[in-house]
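Enquirer: Here is what each chain is made of, one letter per residue.
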Amino acid sequence: VRAFISFLTDFGADGAAAICRGVMLSIAPDAQIVDISHGVRKFAIREGAYLLWMSVPWMPTGIHVAIVDPGVGTDRRPIGIRTMRGDVLIGPDNGLLMPAATELGGISDVRVLSNTDWMLPRRSATFHGRDVFAPMAGHLAAGGGFDGVGPLVERAALVDLRFSEPVVRAGILGTEARYVDSFGNIRLGARPEDLEAALGKLAPGVALRLSIDGRVGGPEILEPVIWGPTFASVPLGGALLYVDSSGQLALGFNQADAAATLAVEAGRNVRIELL
Amino acid sequence: VRAFISFLTDFGADGAAAICRGVMLSIAPDAQIVDISHGVRKFAIREGAYLLWMSVPWMPTGIHVAIVDPGVGTDRRPIGIRTMRGDVLIGPDNGLLMPAATELGGISDVRVLSNTDWMLPRRSATFHGRDVFAPMAGHLAAGGGFDGVGPLVERAALVDLRFSEPVVRAGILGTEARYVDSFGNIRLGARPEDLEAALGKLAPGVALRLSIDGRVGGPEILEPVIWGPTFASVPLGGALLYVDSSGQLALGFNQADAAATLAVEAGRNVRIELL
Amino acid sequence: VRAFISFLTDFGADGAAAICRGVMLSIAPDAQIVDISHGVRKFAIREGAYLLWMSVPWMPTGIHVAIVDPGVGTDRRPIGIRTMRGDVLIGPDNGLLMPAATELGGISDVRVLSNTDWMLPRRSATFHGRDVFAPMAGHLAAGGGFDGVGPLVERAALVDLRFSEPVVRAGILGTEARYVDSFGNIRLGARPEDLEAALGKLAPGVALRLSIDGRVGGPEILEPVIWGPTFASVPLGGALLYVDSSGQLALGFNQADAAATLAVEAGRNVRIELL
Chain A
1 VRAFISFLTD FGADGAAAIC RGVMLSIAPD AQIVDISHGV RKFAIREGAY LLWMSVPWMP
61 TGIHVAIVDP GVGTDRRPIG IRTMRGDVLI GPDNGLLMPA ATELGGISDV RVLSNTDWML
121 PRRSATFHGR DVFAPMAGHL AAGGGFDGVG PLVERAALVD LRFSEPVVRA GILGTEARYV
181 DSFGNIRLGA RPEDLEAALG KLAPGVALRL SIDGRVGGPE ILEPVIWGPT FASVPLGGAL
241 LYVDSSGQLA LGFNQADAAA TLAVEAGRNV RIELL
Chain B
1 VRAFISFLTD FGADGAAAIC RGVMLSIAPD AQIVDISHGV RKFAIREGAY LLWMSVPWMP
61 TGIHVAIVDP GVGTDRRPIG IRTMRGDVLI GPDNGLLMPA ATELGGISDV RVLSNTDWML
121 PRRSATFHGR DVFAPMAGHL AAGGGFDGVG PLVERAALVD LRFSEPVVRA GILGTEARYV
181 DSFGNIRLGA RPEDLEAALG KLAPGVALRL SIDGRVGGPE ILEPVIWGPT FASVPLGGAL
241 LYVDSSGQLA LGFNQADAAA TLAVEAGRNV RIELL
Chain C
1 VRAFISFLTD FGADGAAAIC RGVMLSIAPD AQIVDISHGV RKFAIREGAY LLWMSVPWMP
61 TGIHVAIVDP GVGTDRRPIG IRTMRGDVLI GPDNGLLMPA ATELGGISDV RVLSNTDWML
121 PRRSATFHGR DVFAPMAGHL AAGGGFDGVG PLVERAALVD LRFSEPVVRA GILGTEARYV
181 DSFGNIRLGA RPEDLEAALG KLAPGVALRL SIDGRVGGPE ILEPVIWGPT FASVPLGGAL
241 LYVDSSGQLA LGFNQADAAA TLAVEAGRNV RIELL
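Chains as they are written, first to last, in the numbering used here: chain A, 1 to 275; chain B, 1 to 275; chain C, 1 to 275.
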């Protein structure tokens, strides 16, 4: 079986991701590489962490390289995390890999990437993707054991990153906008169980009020938002609260861009009530 | 030989297409997958149909997955179409696959995708790409027979999609803008034979007048437009009517963006006359 | 070992690059293809040449197809260049391939692509990527010898493309902005040795003044610019002169977009002095 590598960065479309691919394939010519995305907003660690968390459960077990690394060239550590599912996550120790590791069954063991024989001979200060992360992934894909990357480190020493937990109160569910997808749907940080705990069991078609905190002024009030299974539950342009493909709550407009219309981005607080 | 899968969607660059790739490769690890485009405008079925029609003749015979699916979660059917060339087209029954099927020799037989053993165990209401279309393609790529996807359906029952035919009159060719490519060239819905039928046999260098219907006000008149084989037939910025790489008529400006300059998009009517 | 093909164009995301991939894989089903970029600015030969030059050293030895070809359909020749490293570069004879050829050890021999048996049977006037370059690459990847593409031509007859050399004077280094990467960092056309020759040996942290010629009015003066190894050498938003991952000088802002802020694009003259 060909080794599988997934690859996520904020490198954009200017050749940097391709250079990393070239390095991986120079070492492991037969690897099967899938680009998750190279369109993560520059330096947006939480956005990268969300996309990685969302994607890895659907990838074959393998090596997952993720690089959103504003600290490149500092003493932040490059790490490899082996998951209970058997994957190896490769990237900087800045929290980027943590939600994905949890999603893949949790952390088995962690190593710092320090074996210079598995790096490129000359290492730049600004492109560890090419010089450290890609060759490490290549050597793993070519059959090298995980202990080859470098020594074990305590998982407690890793930089953590957690998404905020929803706040469930009687009649109110408080959560956050975690991610805006390319359709403009706003993925939230709560699950249908949380909604039911706050508002009781809801029949499809129930009308809700959403309050979204702005950066200035008071919250944006959006009503009615229909609780429904699919976009066909509301008319064109209508607002829908639904369960997204990751099993989380999400707010979307039928065939329209909710996030652009509302000027909402990741990080905003969202409050959900019955109308 | 490795199974071949091409893949076209309106998913954009946020990881959804990669998730589908991951699902396909989890089932058929050795498949060769080519992304045709994930930049189709959201919900633009006709644009997706055009790109698929344009691309599939140049792809190896294989499986072609296309998803532009505003009706996801409704009762629109997921279908597979086997072509006379031997390909299988996979996607929603909304017309998206039809021009490509015709281009690949026509429809051999059609099946509805209903075998739940070839879908993911849990199916979301909003991401059939991941849960239905990708695993179906994976199972076909892994060697499953076409009859495994589900039962035959009548091809007459499919939602059709046809591009409008050109209107040939003495001295006037009427057609439509079907697609704007990334260079801003406007691909039209007529062929050089239609032009000759309307205007007679034209020598390279002949000057034409094009009238392009706007959404408001009268038509935009563009003259002269030179009939020629290549962009070198006109000066920089000059307007050229040429035979595009699909064998259709197209309007372009030499090293400039015709569609942006003229504010023309797909769907506009275009009238071509001698100047 | 699977044959390796890298692929760089200005085709954008509308299916044209995928069509070329389909043609290559129809001929060489097992080729490993890496897209370097299809986002080169339309017709920007120098930008394409820079990206190709930057990328090929990190690719496996193989076939590198590059197409930025404003002269398609004219009598500009399609060529193949074999490098001393053993690669074959495929593209138009407009200088695009030349810096990469030098980087790969220099030119071994050059052939014009004229073997019609290795082209598609029908050749359009506007899409040689599909009809000429892709099938040539496919036949080479499928094991065809380099002499199969067509007859030898004199390398002196090729269209050349050279980046401008830096100007070293006592106290002043003159160079040019060669490329703006996706982070907005401005890659310059000089190396650290040139800087040392002009300004003497500089300790990290030294403050510099950069003068960037505008298109109108006088030069833009930027000061202080800190000479340092990594972005962590300056505060957020601070200006850094550093050695980029290609070993060249570059100007960047820490976690901000220098090129957008300064409205600088490739081609501008840049003067570097001690502050």
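No lab work stands behind these hints, which were simulated from the structure alone. The beta carbon of each residue, even a glycine, is placed where N, CA and C say it ideally should be. Careful, some of the hints might be misleading.
Listed next, the in silico DSS-like pairs over lysine-lysine satisfying Cα-Cα at most 27 Å (straight line) [to be verified]:
(1) LYS201/C <-> LYS42/A
(2) LYS42/C <-> LYS42/B
(3) LYS201/B <-> LYS42/A
Okay, the calculated beta carbon distance ranges per label pair [said to hold, decoys possible]:
(4) GLU265/C <-> GLU154/B: 34 to 44 Å
(5) ARG2/C <-> GLY171/B: 23 to 33 Å
(6) GLU265/C <-> ASP213/B: 53 to 63 Å
(7) ILE221/C <-> ARG209/A: 30 to 40 Å
(8) PRO192/C <-> ALA44/B: 45 to 55 Å
(9) ILE221/C <-> MET84/A: 49 to 59 Å
(10) GLY200/C <-> ALA263/B: 38 to 48 Å
(11) ARG76/B <-> ARG122/C: 36 to 46 Å
(12) ASP30/A <-> PRO57/C: 42 to 52 Å
(13) VAL216/A <-> PRO224/B: 48 to 58 Å
Enquirer: If a hint holds in the structure, say so; if it does not, say that too.
Expert: Outcome of the hint check:
1. LYS201/C <-> LYS42/A: 33 Å, violated
2. LYS42/C <-> LYS42/B: Roughly 24 Å between the alpha carbons, so the hint for LYS42/C and LYS42/B holds.
3. LYS201/B <-> LYS42/A: Roughly 55 Å separates the two Cα atoms, so the pair is violated.
4. GLU265/C <-> GLU154/B: 34 to 44 Å: Given range 34 to 44 Å: violated, Cβ gap about 58 Å.
5. ARG2/C <-> GLY171/B: 23 to 33 Å: 56 Å, violated
6. GLU265/C <-> ASP213/B: 53 to 63 Å: Check failed, 37 Å falls outside 53 to 63 Å.
7. ILE221/C <-> ARG209/A: 30 to 40 Å: 54 Å, violated
8. PRO192/C <-> ALA44/B: 45 to 55 Å: 50 Å, holds
9. ILE221/C <-> MET84/A: 49 to 59 Å: Between ILE221/C and MET84/A, where Cβ atoms are some 57 Å apart, the hint holds.
10. GLY200/C <-> ALA263/B: 38 to 48 Å: 56 Å, violated
11. ARG76/B <-> ARG122/C: 36 to 46 Å: Because 37 Å falls inside the window, the suggested range holds.
12. ASP30/A <-> PRO57/C: 42 to 52 Å: About 22 Å separates the Cβ atoms of ASP30/A and PRO57/C, which means 42 to 52 Å is violated.
13. VAL216/A <-> PRO224/B: 48 to 58 Å: 54 Å, holds
When held up to the earlier numbered hints, the structure conflicts with 1, 3, 4, 5, 6, 7, 10 and 12 and fits the remainder.
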